[in-house]
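From first to last, the protein sequence lines stand for chains A and B. For the first sequence, my numbering assigns the number 563 to the last residue and increments by one with no breaks. For the second sequence, my numbering assigns the number 563 to the last residue and increments by one with no breaks.
Hints in this document: simulated from the structure, not taken from any laboratory. Mixed in with the good hints, there may be bad ones.
Which copy is meant is left open, because identical chains are indistinguishable; a pair holds if it fits in one copy or across any two.
[Said to hold, decoys possible] Straight-line Cα separation of at most 30 Å, DSS-like style, residue types lysine-lysine; simulated pairs: (1) 507 with 140; (2) 200 with 373; (3) 373 with 55; (4) 434 with 262; (5) 373 with 204; (6) 2 with 253; (7) 55 with 434.
There are 2 protein chains.
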Amino acid sequence: MKVIIVGGVAGGATAAARLRRLDETAEIVVFERSGYVSYANCGLPYYIGGVITDKEELTLQTPESFWQRFRVDMRVRHEVTAIHPAEKTVDVRNLATGETFTESYDKLVLSPGARPTQPALPGVGIDRLFTLRTVEDTLKIREFIEQHHPRSAVLAGGGFIGVELMENLRELGIDVTVVQRPRQLLNPLDADMAAFLHAKLRQKGVRLHLGCTVEGFAANGDRVNVLLKNEAPLTADMVVLAIGVTPDTGLAKAAGLELGIKGSILVNDRMETSAPDIYAVGDAVQVKHFVTGQDTLLSLAGPANKQGRIAADNICGGDSRYPGSQGSSVIKVFDMTIATTGVNEKTAKQAGIDCDKVYLSPMSHAGYYPGGKVMTLKVVFEKGTYRLLGAQIVGYEGVDKRIDVLATAIHAGLSALQLKDLDLAYAPPYSSAKDPVNMAGFMIENLSHGLVEQFFPEDVDALPRDGSVTLLDVRTPGEYADGHAEGFVNLPVDDLRERLREVPVGKPVYVICQSGLRSYIACRILAQQGFKCYNLSGGWRLYETVVRDRTAAQEAWPCGMEK
Amino acid sequence: MKVIIVGGVAGGATAAARLRRLDETAEIVVFERSGYVSYANCGLPYYIGGVITDKEELTLQTPESFWQRFRVDMRVRHEVTAIHPAEKTVDVRNLATGETFTESYDKLVLSPGARPTQPALPGVGIDRLFTLRTVEDTLKIREFIEQHHPRSAVLAGGGFIGVELMENLRELGIDVTVVQRPRQLLNPLDADMAAFLHAKLRQKGVRLHLGCTVEGFAANGDRVNVLLKNEAPLTADMVVLAIGVTPDTGLAKAAGLELGIKGSILVNDRMETSAPDIYAVGDAVQVKHFVTGQDTLLSLAGPANKQGRIAADNICGGDSRYPGSQGSSVIKVFDMTIATTGVNEKTAKQAGIDCDKVYLSPMSHAGYYPGGKVMTLKVVFEKGTYRLLGAQIVGYEGVDKRIDVLATAIHAGLSALQLKDLDLAYAPPYSSAKDPVNMAGFMIENLSHGLVEQFFPEDVDALPRDGSVTLLDVRTPGEYADGHAEGFVNLPVDDLRERLREVPVGKPVYVICQSGLRSYIACRILAQQGFKCYNLSGGWRLYETVVRDRTAAQEAWPCGMEK
Numbered sequence: 001m002k003v004i005i006v007g008g009v010a011g012g013a014t015a016a017a018r019l020r021r022l023d024e025t026a027e028i029v030v031f032e033r034s035g036y037v038s039y040a041n042c043g044l045p046y047y048i049g050g051v052i053t054d055k056e057e058l059t060l061q062t063p064e065s066f067w068q069r070f071r072v073d074m075r076v077r078h079e080v081t082a083i084h085p086a087e088k089t090v091d092v093r094n095l096a097t098g099e100t101f102t103e104s105y106d107k108l109v110l111s112p113g114a115r116p117t118q119p120a121l122p123g124v125g126i127d128r129l130f131t132l133r134t135v136e137d138t139l140k141i142r143e144f145i146e147q148h149h150p151r152s153a154v155l156a157g158g159g160f161i162g163v164e165l166m167e168n169l170r171e172l173g174i175d176v177t178v179v180q181r182p183r184q185l186l187n188p189l190d191a192d193m194a195a196f197l198h199a200k201l202r203q204k205g206v207r208l209h210l211g212c213t214v215e216g217f218a219a220n221g222d223r224v225n226v227l228l229k230n231e232a233p234l235t236a237d238m239v240v241l242a243i244g245v246t247p248d249t250g251l252a253k254a255a256g257l258e259l260g261i262k263g264s265i266l267v268n269d270r271m272e273t274s275a276p277d278i279y280a281v282g283d284a285v286q287v288k289h290f291v292t293g294q295d296t297l298l299s300l301a302g303p304a305n306k307q308g309r310i311a312a313d314n315i316c317g318g319d320s321r322y323p324g325s326q327g328s329s330v331i332k333v334f335d336m337t338i339a340t341t342g343v344n345e346k347t348a349k350q351a352g353i354d355c356d357k358v359y360l361s362p363m364s365h366a367g368y369y370p371g372g373k374v375m376t377l378k379v380v381f382e383k384g385t386y387r388l389l390g391a392q393i394v395g396y397e398g399v400d401k402r403i404d405v406l407a408t409a410i411h412a413g414l415s416a417l418q419l420k421d422l423d424l425a426y427a428p429p430y431s432s433a434k435d436p437v438n439m440a441g442f443m444i445e446n447l448s449h450g451l452v453e454q455f456f457p458e459d460v461d462a463l464p465r466d467g468s469v470t471l472l473d474v475r476t477p478g479e480y481a482d483g484h485a486e487g488f489v490n491l492p493v494d495d496l497r498e499r500l501r502e503v504p505v506g507k508p509v510y511v512i513c514q515s516g517l518r519s520y521i522a523c524r525i526l527a528q529q530g531f532k533c534y535n536l537s538g539g540w541r542l543y544e545t546v547v548r549d550r551t552a553a554q555e556a557w558p559c560g561m562e563k
Numbered sequence: 001m002k003v004i005i006v007g008g009v010a011g012g013a014t015a016a017a018r019l020r021r022l023d024e025t026a027e028i029v030v031f032e033r034s035g036y037v038s039y040a041n042c043g044l045p046y047y048i049g050g051v052i053t054d055k056e057e058l059t060l061q062t063p064e065s066f067w068q069r070f071r072v073d074m075r076v077r078h079e080v081t082a083i084h085p086a087e088k089t090v091d092v093r094n095l096a097t098g099e100t101f102t103e104s105y106d107k108l109v110l111s112p113g114a115r116p117t118q119p120a121l122p123g124v125g126i127d128r129l130f131t132l133r134t135v136e137d138t139l140k141i142r143e144f145i146e147q148h149h150p151r152s153a154v155l156a157g158g159g160f161i162g163v164e165l166m167e168n169l170r171e172l173g174i175d176v177t178v179v180q181r182p183r184q185l186l187n188p189l190d191a192d193m194a195a196f197l198h199a200k201l202r203q204k205g206v207r208l209h210l211g212c213t214v215e216g217f218a219a220n221g222d223r224v225n226v227l228l229k230n231e232a233p234l235t236a237d238m239v240v241l242a243i244g245v246t247p248d249t250g251l252a253k254a255a256g257l258e259l260g261i262k263g264s265i266l267v268n269d270r271m272e273t274s275a276p277d278i279y280a281v282g283d284a285v286q287v288k289h290f291v292t293g294q295d296t297l298l299s300l301a302g303p304a305n306k307q308g309r310i311a312a313d314n315i316c317g318g319d320s321r322y323p324g325s326q327g328s329s330v331i332k333v334f335d336m337t338i339a340t341t342g343v344n345e346k347t348a349k350q351a352g353i354d355c356d357k358v359y360l361s362p363m364s365h366a367g368y369y370p371g372g373k374v375m376t377l378k379v380v381f382e383k384g385t386y387r388l389l390g391a392q393i394v395g396y397e398g399v400d401k402r403i404d405v406l407a408t409a410i411h412a413g414l415s416a417l418q419l420k421d422l423d424l425a426y427a428p429p430y431s432s433a434k435d436p437v438n439m440a441g442f443m444i445e446n447l448s449h450g451l452v453e454q455f456f457p458e459d460v461d462a463l464p465r466d467g468s469v470t471l472l473d474v475r476t477p478g479e480y481a482d483g484h485a486e487g488f489v490n491l492p493v494d495d496l497r498e499r500l501r502e503v504p505v506g507k508p509v510y511v512i513c514q515s516g517l518r519s520y521i522a523c524r525i526l527a528q529q530g531f532k533c534y535n536l537s538g539g540w541r542l543y544e545t546v547v548r549d550r551t552a553a554q555e556a557w558p559c560g561m562e563k
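Here chain A stands alone, though its shape is the one from the complex (with noise of 0.2 Å):
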């Protein structure tokens, strides 16, 4: 048998390993366009930082460490032309020397990936303006950066890559302004959660410039200028294109194979695609959300390399499927955590789902252990069913934690009443008798049994400030007097019994603290008392952070305003 792989990093290389420990006589040829194969993709940013500072440590394996342990011919700079499925042939390009070459093949596995986004704009191919997919890419970058020592970068685009980037670029000292049309960092995040993240980038001096289109790149003699929509162009030493990733796939459709949404290469959960013999995995195949079960694209790591084992497994006459993909992501951000799994509240009600959801803001370990941290933590699930849909996190220490127990049980397909019961491993330094992810299952709980209703920060605004209802802060006068939500008046929750009389009967009631705990046990109070009663979910802190996000960004970028 004879395996041609089409792209040599995440899921071919896997790919191409699983099937030599399957099956010691195949012959595995892997073509990879750029010169390395295997290499740590999700590391690229760190080398730019120089977190990670041996070139050699991004390239996991070499050609040559392949064929000694695999024995698998791989083949670098070596870029496949066309796919030829009636005839099992791929049509090869030597970059190197040019020359092209026909091979057969019995089964071949497209790896292909994804590209960056390339905008059809002004200026782009410009000096000084760079994309980030690649080795190649990643030391173009370092070595301007080692050789020019830009002082300010723009960053259009603002995804993970984006995110990690910006880290990498500031730590060395360069003034960063990112820019992009979305109003919001890290799509995966709720607007509410990514507000905790545009804090922590202002609070380190990125700049955001959201809201803001841009229309093309101009050479400005040493500089570049960013054209944007209605207002002055941005100058910086440097641009990075991280816009977004497109599936590689050309090859693919030239060869007739079925695509899927962007252009993605259709397979099923086997990961076939349409024509016989083809396997495709990684970044330009769509997958089935596993929450929502409709079509998606996700360029993980994690996926590609489960992919490729896949694919492999079938070649050699097994049965694996793929369960499809929840989206589980992780991301540092300087010293912050942000982590996500399943999908959002905003992509659950595209999908027409209808949810509910939890803010919750509990210690990253118990109280009086030195070093614990706040972390922000939302669950959304759907209502009547408690289904859990996802959730995400942004905080610290132990943010990735919680976000792989919530993976696993959505995966499980554990309902969100059950998170309760999870017997979680739990000592001072690591977390609390009540973990996270317990605490929140005994809120929604709660939810359940109707013994709390909930109100969130984007009510807030709206409520009426006219006394027909009732506007309560529990917390202490001093927290009170820090800051607090316009309306609302100061009744700490340990004197709310005693000062019971001066709550109005027969108005609805609003209840207010810092994280939503005090203000659940006065709702508690309340409710037995015959008010009716909305506890915020997230408490003053989420609400204080969303709200300090909409002026901060109001207040820096004139731009952010346009519709």
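Using the hints, position chain B against chain A.
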């Protein structure tokens, strides 16, 4: 409704707060024998070590704060001396005044906890001999250390509290010796995994005196002699008994409540005892083990808190059920983290479960990102069904995360084969594209497909060295030279295909590498050439650690050799 709660720490305090949130009108009285309520049991060793500096930190709530927020009447230094289920009353003694009185109840919650096992040995009770369970115990030990500056301590017993205390005393510069009859510390670990813990403790200068029986204690001037069977006594400036805990159920027994193992209180999954309107929670109650279904005792804060909440729900007319405990636990040991969930191999076998296991040594995060460290992960599962039974992890960063993912998988009833499918969050600072938990799943799937067969460290010494089997070490010559198992011949995996003729045909081959990965690849090469092959699970790394642990125990302490 009047509710009396006996014991105001984890389970009792949680029940009190939940009761109030559910019922604003109930009269809630808590009797707590010690001077503190709702204190941080798990933080006590860290106060002794000065990690937690402020005593106030240990007491999460005070009677005053509980009254202010919850209108719960917390009476410290009040001991309940008798329960009269027929009359629905309890007798109480005020330990401060000596006054006794009787209180009636509608509902009673028992949360008496467990007390340190006091062996019936000569000398128990002498000066400088301590136990550690309450805030008072903690203050006494810390005060002793501050006043007397002990230079040496003997700890009798090596459970969680014992090991935490070892670390804290050691960090104070005290010479620590641990003595106990069992040959390993931390019973939730299997002996092979405990070897890593022992190695760390020895490295930190803790003397392990395992397999030795303590026969008594005797004052020796300002010091204490610890009398040992078949050996000279140990002498130290202080001794702490941390042999274990016993359910504190004298009250329940005297009241005629049905008891379970070790005198624990029998409850159903609603936390109801055998007597009407009496509930019990926490360390004193017998629980079902979630994995084995067997009755068990577990002294852990997480379950106690959950049970307190459940009892309160049911008292208020709800129907909350406790699903059982799976014993998830985590402990910091100097810079190391050790965690377990479910049952270990030893317990599974005792429960009559036919089990199998895998060991792996993955990095905590991507190898190319700085700071990653190796962890050792053992997953135990049922043969044939691939039901997950338990996991143990010893390592550094990320250990607590993986145990919680595995705990969630076990709770959700995922099979060991499904671990490979979990969509976990990956970025270089947090994990690898194939997370350690995924890797365990891949390995177990390989076993299930017959792609590889395993042997284990405990099998190595018994392998014939008479040429009837082939013993291969497929690491590099350098690694082999640094240390290898007797009789194993070096043949690096990358040379195996070329030197295949050196492997005698017709004999089983046992293959070792460092962690088990290269030997797996070698096994795949050999198996496809017709060899019957066995891969050393855990590799040289695990084998060497187990052997060194055995040697160190033998060399250090002759009495460790007793039968």
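So, going through the hints one by one against the coordinates:
In this assembly of identical chains, residue 507 and residue 140 lie within 30 Å of each other by CA distance neither inside one copy nor across copies; the values are 65 Å within and 54 Å between. Both within a single protomer and between protomers do residue 200 and residue 373 lie at most 30 Å apart by alpha-carbon distance, with minima of 15 Å and 28 Å respectively. Taking the shortest alpha-carbon separations for residue 373 and residue 55, only the inter-copy value of 20 Å comes in at or below 30 Å, while the best intra-copy value is 34 Å. In this assembly of identical chains, residue 434 and residue 262 lie within 30 Å of each other by CA distance solely across copies; the values are 27 Å between and 44 Å within a copy.
In this assembly of identical chains, the alpha carbons of residue 373 and residue 204 lie at most 30 Å apart whether taken from the same copy (19 Å) or from different copies (29 Å). Proximity of residue 2 and residue 253 under a CA criterion of 30 Å is satisfied intra-copy only: 23 Å inside one chain copy versus 75 Å between copies. Taking CA atoms no more than 30 Å apart as the test, residue 55 paired with residue 434 passes between copies only; the shortest distance there is 22 Å, against 44 Å inside one copy.
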